[in-house]
Amino acid sequence: MKCIFKIEEYLPDTNQMVVRFARLHSPQHIDNYRAIAIDATRLDYYSYETFVKSLMRYYGNPKVDASELKDPIVNDVEDINIDGEFEVRDLIGRCMVCNKDSDKELIKMKMIEL
Amino acid sequence: MKRYFKKCEEFSICGAFGEKDDILSESAKDNVTQFQIIVKGSGKVARPFESNFIELKNREITDLRTLIGSDRIYKSFEDFEMYGFNCIGKYKPWSARKIINSFQGDDNSWLICFDGRPIINGITLEKMNYVKLTNKKYDVDINDAFVGVFTKL
Numbered sequence: 001m002k003c004i005f006k007i008e009e010y011l012p013d014t015n016q017m018v019v020r021f022a023r024l025h026s027p028q029h030i031d032n033y034r035a036i037a038i039d040a041t042r043l044d045y046y047s048y049e050t051f052v053k054s055l056m057r058y059y060g061n062p063k064v065d066a067s068e069l070k071d072p073i074v075n076d077v078e079d080i081n082i083d084g085e086f087e088v089r090d091l092i093g094r095c096m097v098c099n100k101d102s103d104k105e106l107i108k109m110k111m112i113e114l
Numbered sequence: 115m116k117r118y119f120k121k122c123e124e125f126s127i128c129g130a131f132g133e134k135d136d137i138l139s140e141s142a143k144d145n146v147t148q149f150q151i152i153v154k155g156s157g158k159v160a161r162p163f164e165s166n167f168i169e170l171k172n173r174e175i176t177d178l179r180t181l182i183g184s185d186r187i188y189k190s191f192e193d194f195e196m197y198g199f200n201c202i203g204k205y206k207p208w209s210a211r212k213i214i215n216s217f218q219g220d221d222n223s224w225l226i227c228f229d230g231r232p233i234i235n236g237i238t239l240e241k242m243n244y245v246k247l248t249n250k251k252y253d254v255d256i257n258d259a260f261v262g263v264f265t266k267l
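Top to bottom, those sequences are chains A and B. First residue of the first sequence: 1, per our numbering; consecutive thereafter. First residue of the second sequence: 115, per our numbering; consecutive thereafter.
Because the hints were derived from the structure by calculation, they are not lab data. Treat the hints with caution; some may be incorrect.
[Said to hold, decoys possible] Cβ-Cβ distance ranges computed for the label pairs, FRET-style:
| hint | chain 1 | residue 1 | chain 2 | residue 2 | range |
| --- | --- | --- | --- | --- | --- |
| 1 | B | LYS134 | A | LEU24 | 41 to 49 Å |
| 2 | A | CYS95 | B | SER184 | 36 to 44 Å |
| 3 | B | GLU124 | A | GLY84 | 13 to 21 Å |
| 4 | A | LYS70 | B | SER216 | 49 to 57 Å |
| 5 | A | PRO12 | B | ALA142 | 44 to 52 Å |
| 6 | B | LYS154 | A | SER102 | 20 to 28 Å |
| 7 | A | CYS95 | B | LYS116 | 29 to 37 Å |
| 8 | A | LYS70 | B | ASP185 | 28 to 36 Å |
[Unchecked claim] Distance condition first, Cα-Cα at most 25 Å in a straight line; then the derived BS3-like pairs of lysine-lysine:
| hint | chain 1 | residue 1 | chain 2 | residue 2 |
| --- | --- | --- | --- | --- |
| 9 | B | LYS158 | B | LYS189 |
| 10 | B | LYS116 | A | LYS104 |
| 11 | B | LYS120 | B | LYS206 |
| 12 | B | LYS158 | A | LYS104 |
| 13 | B | LYS189 | A | LYS104 |
| 14 | B | LYS121 | A | LYS100 |
Positions of the beta carbon are idealized from the N, C-alpha and C atoms, including for glycine.
Assemble the whole structure, with the sequences as input and the hints as a guide.
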């Protein structure tokens, strides 16, 4: 996943930075994500690459993961009624909620009545 | 090894199809299987670093409730097709039995056909059909099928 960050302030006196994080494909502008003050002494200033890696490892990744759950749902979504008889035509034109595919296949079980 | 999963109304079923000598290890949080259903093959399961193990026999339902909360290691002796029966959410014990004859149902039980085409109350079930039972008698022509009934305790 690609992420973005924006350093709003650098406070050398207190060794802090104020930073915003978001996903590259976030549905909102990065300025809508809350800025956090971070401890800049934990970051690796050897190169741009090490700086970004340490910034994301210590501060960015948790913020980005959390934002995925907190981001507004901009689509009018519906749950699939898994109990119904499958008919692909019923899904056309509707925005359905689903999980990202996992490495496990689905067992093709069917509930019947006796 | 191929892994499978299906969440049903009050339980979930996981599955694994693999080859002889496959080894599978899972942590306690990832494996909450109460009963292992071996449709094909055989093997054993144990807690890591323990010499005691539980045999997993062909076409039997094995009670693994003693392993709930433990890490597990599985080893197959043959090519295999196995399923696991799990409760949904926090651990609640179920019971399980293999069906070979007609039986009395109840509202707390589910029947799953793991293999074959049994005839129950005049209806032919297919592999992986499942049924919410009610408090009535079920007439069974097992027809060499492998059928289990699972009951919430």
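Structure-inconsistent hints, enumerated in ascending order: none
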